[in-house]
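**Student:** Protein chains in written order, with the working numbering: chain A, 233 to 380; chain B, 233 to 380.
A portion of the hints provided could be inaccurate.
It does not matter which identical chain is meant; a pair holds if it fits inside one copy or across any two.
[To be verified] Listed below are the simulated EDC-like cross-link pairs for lysine to aspartate or glutamate, each with C-alpha atoms no more than 20 Å apart in a straight line: (1) Lys345 / Glu288; (2) Lys270 / Glu256; (3) Lys371 / Glu256; (4) Lys280 / Asp355; (5) Lys280 / Glu256; (6) Lys332 / Glu288; (7) Lys364 / Glu257; (8) Lys270 / Asp302; (9) Lys356 / Asp376; (10) Lys364 / Asp376; (11) Lys280 / Glu319; (12) Lys345 / Glu256; (13) Lys321 / Asp355; (14) Lys270 / Glu257; (15) Lys280 / Asp302; (16) Lys356 / Glu380; (17) Lys317 / Glu288; (18) Lys334 / Glu368; (19) Lys364 / Glu256; (20) Lys280 / Glu380; (21) Lys323 / Glu257; (22) Lys317 / Asp302; (23) Lys332 / Asp316; (24) Lys356 / Glu325; (25) Lys364 / Asp316; (26) Lys317 / Asp355.
In case anyone wonders, no lab produced these hints; they're calculated from the structure.
So the chains spell out like this:
Number of protein chains: 2
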Amino acid sequence: MKKIILALAVASVTAVSALSALAEESNPAIVHRQGIYKTMAGHMTAMKSILFLGFEAPADLAFHAQGILDGFGHMGNAYPPGSDKGETKAKPEIWTQPDKVKQRAMDAVGAAKALVAATAGTDKGATIAAFKSMGEKCKACHDDFRKE
Amino acid sequence: MKKIILALAVASVTAVSALSALAEESNPAIVHRQGIYKTMAGHMTAMKSILFLGFEAPADLAFHAQGILDGFGHMGNAYPPGSDKGETKAKPEIWTQPDKVKQRAMDAVGAAKALVAATAGTDKGATIAAFKSMGEKCKACHDDFRKE
Numbered sequence: 233m234k235k236i237i238l239a240l241a242v243a244s245v246t247a248v249s250a251l252s253a254l255a256e257e258s259n260p261a262i263v264h265r266q267g268i269y270k271t272m273a274g275h276m277t278a279m280k281s282i283l284f285l286g287f288e289a290p291a292d293l294a295f296h297a298q299g300i301l302d303g304f305g306h307m308g309n310a311y312p313p314g315s316d317k318g319e320t321k322a323k324p325e326i327w328t329q330p331d332k333v334k335q336r337a338m339d340a341v342g343a344a345k346a347l348v349a350a351t352a353g354t355d356k357g358a359t360i361a362a363f364k365s366m367g368e369k370c371k372a373c374h375d376d377f378r379k380e
Numbered sequence: 233m234k235k236i237i238l239a240l241a242v243a244s245v246t247a248v249s250a251l252s253a254l255a256e257e258s259n260p261a262i263v264h265r266q267g268i269y270k271t272m273a274g275h276m277t278a279m280k281s282i283l284f285l286g287f288e289a290p291a292d293l294a295f296h297a298q299g300i301l302d303g304f305g306h307m308g309n310a311y312p313p314g315s316d317k318g319e320t321k322a323k324p325e326i327w328t329q330p331d332k333v334k335q336r337a338m339d340a341v342g343a344a345k346a347l348v349a350a351t352a353g354t355d356k357g358a359t360i361a362a363f364k365s366m367g368e369k370c371k372a373c374h375d376d377f378r379k380e
C-alpha cells in the first residue's frame, strides 16, 4: 500500500511538472520583457563570438551594440503591477526597491551607449573594455533582481 | 567489489555530465549563430506579446520585424565546415543538403521581408498573418535541420 501511495505521489509530481513545462506564459509584460532581454542576450552572445572566439564579422559589432541599446529603448512598461505573477525570474524586490531598479537600469543604458560609441571606432581593446563593462552592468542587475 | 565499480562508474558519468554542462561552447560559428537566432527568437516573442497578449507597444512591431530581418542579414558564414562539432542542435543534414538549406533560408528571409512590409502599415490582421507565416518558415527549417 505504501508503495502504491509513493508511486502515485511520484506520478502526480511528474504530471504537474510536465504540465508546468507545457503551459505557455500568458502575462503580456512577462512575455514581452523576456523577449526583449532575449534579443539583448543574443546580441551579447554574437559579440562574444566576434570579440573573443574569432568569428569573422568585425563589421557587425556596431550592429549588435545598437541592438542592445535599442532593447532598452523598447522595454515599454516592463514591470507593471501584477507582472510578478507567472513564470518569471523577477524577484519581489523589483517592486519594493524602484529607485535601485532605476539606478541599475540607468547604469546599463549608460554602458550600452558607451558600447555603441566604442564600436563606432576601430579600437578593438576599447570595444572589449566596453563589452565587459556592459556585461558587468547586466550582472549587477541580475544579482540583485533576478532569481537563479 | 562490484558495488564499488558500479559506484565509480556512476560517479564518473555524473562528473562528465556536470563538466559538460559547465563547459562553455567555444566554436565561434556555433556561438555566433546561436546568438543571432536568439535575437530573432526574442523579437518573435516580443511581437507575440504585442499581437496576441495585449502588451501595449504596437508602435514597436516594425522595430521587431526589422530586427528579425536584420538577423538574417548578420548571420555571416553560419555553418562553416567543422561547426557541427560542439554543443549544437544542427543536424548533419545541414551539411549534406545545402540546396534545401538555402531554399529554407530564402523562404524565411522572404517571410521576414513580408513581415517588415506588414508592420509598416496599420492593418493588424495583415501583421498577424505575416507573423504566423514567419513562424511557419522558422518551424519548417527547424523541423528539417534542428535536433529536438
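**Student:** Hint by hint, say whether it matches the structure.
**Tutor:** Evaluated hints:
1. Lys345 / Glu288: Close neither inside one copy (24 Å) nor across copies (26 Å); limit 20 Å.
2. Lys270 / Glu256: both (16 Å within a copy, 18 Å between copies)
3. Lys371 / Glu256: Between copies, since 17 Å is at most 20 Å while 27 Å is not.
4. Lys280 / Asp355: For lysine 280 and aspartate 355, only the intra-copy Cα distance (16 Å) is at most 20 Å; the inter-copy one is 38 Å.
5. Lys280 / Glu256: Between copies only: 12 Å across, 30 Å inside.
6. Lys332 / Glu288: neither (39 Å within a copy, 25 Å between copies)
7. Lys364 / Glu257: between (32 Å within a copy, 19 Å between copies)
8. Lys270 / Asp302: For lysine 270 and aspartate 302, both the intra-copy (13 Å) and inter-copy (15 Å) Cα distances are at most 20 Å.
9. Lys356 / Asp376: Answer is neither: 31 Å inside a copy and 38 Å across each miss the 20 Å cutoff.
10. Lys364 / Asp376: within (19 Å within a copy, 37 Å between copies)
11. Lys280 / Glu319: Result: close only across copies, 16 Å inter versus 28 Å intra.
12. Lys345 / Glu256: Neither: 34 Å inside a copy, 28 Å across copies.
13. Lys321 / Asp355: Cα proximity of lysine 321 and aspartate 355: none, with 36 Å in one copy and 34 Å across.
14. Lys270 / Glu257: both (15 Å within a copy, 18 Å between copies)
15. Lys280 / Asp302: Answer is both; intra-copy 18 Å and inter-copy 18 Å each pass.
16. Lys356 / Glu380: Classified as neither; 32 Å inside a copy, 37 Å across copies.
17. Lys317 / Glu288: For lysine 317 and glutamate 288, the Cα distance is within 20 Å only across copies (18 Å; inside one copy 42 Å).
18. Lys334 / Glu368: within (16 Å within a copy, 38 Å between copies)
19. Lys364 / Glu256: Only across copies: lysine 364 and glutamate 256 sit 17 Å apart there, 34 Å inside one copy, limit 20 Å.
20. Lys280 / Glu380: neither (22 Å within a copy, 25 Å between copies)
21. Lys323 / Glu257: Only inside one copy: lysine 323 and glutamate 257 sit 17 Å apart there, 29 Å across copies, limit 20 Å.
22. Lys317 / Asp302: neither (27 Å within a copy, 33 Å between copies)
23. Lys332 / Asp316: within (17 Å within a copy, 44 Å between copies)
24. Lys356 / Glu325: neither (37 Å within a copy, 36 Å between copies)
25. Lys364 / Asp316: So lysine 364 and aspartate 316 fail the 20 Å test inside a copy (30 Å) and across (29 Å) alike.
26. Lys317 / Asp355: neither (45 Å within a copy, 32 Å between copies)
Taken one by one, the earlier hints fail for this structure at numbers 1, 6, 9, 12, 13, 16, 20, 22, 24, 25 and 26, listed in ascending order.
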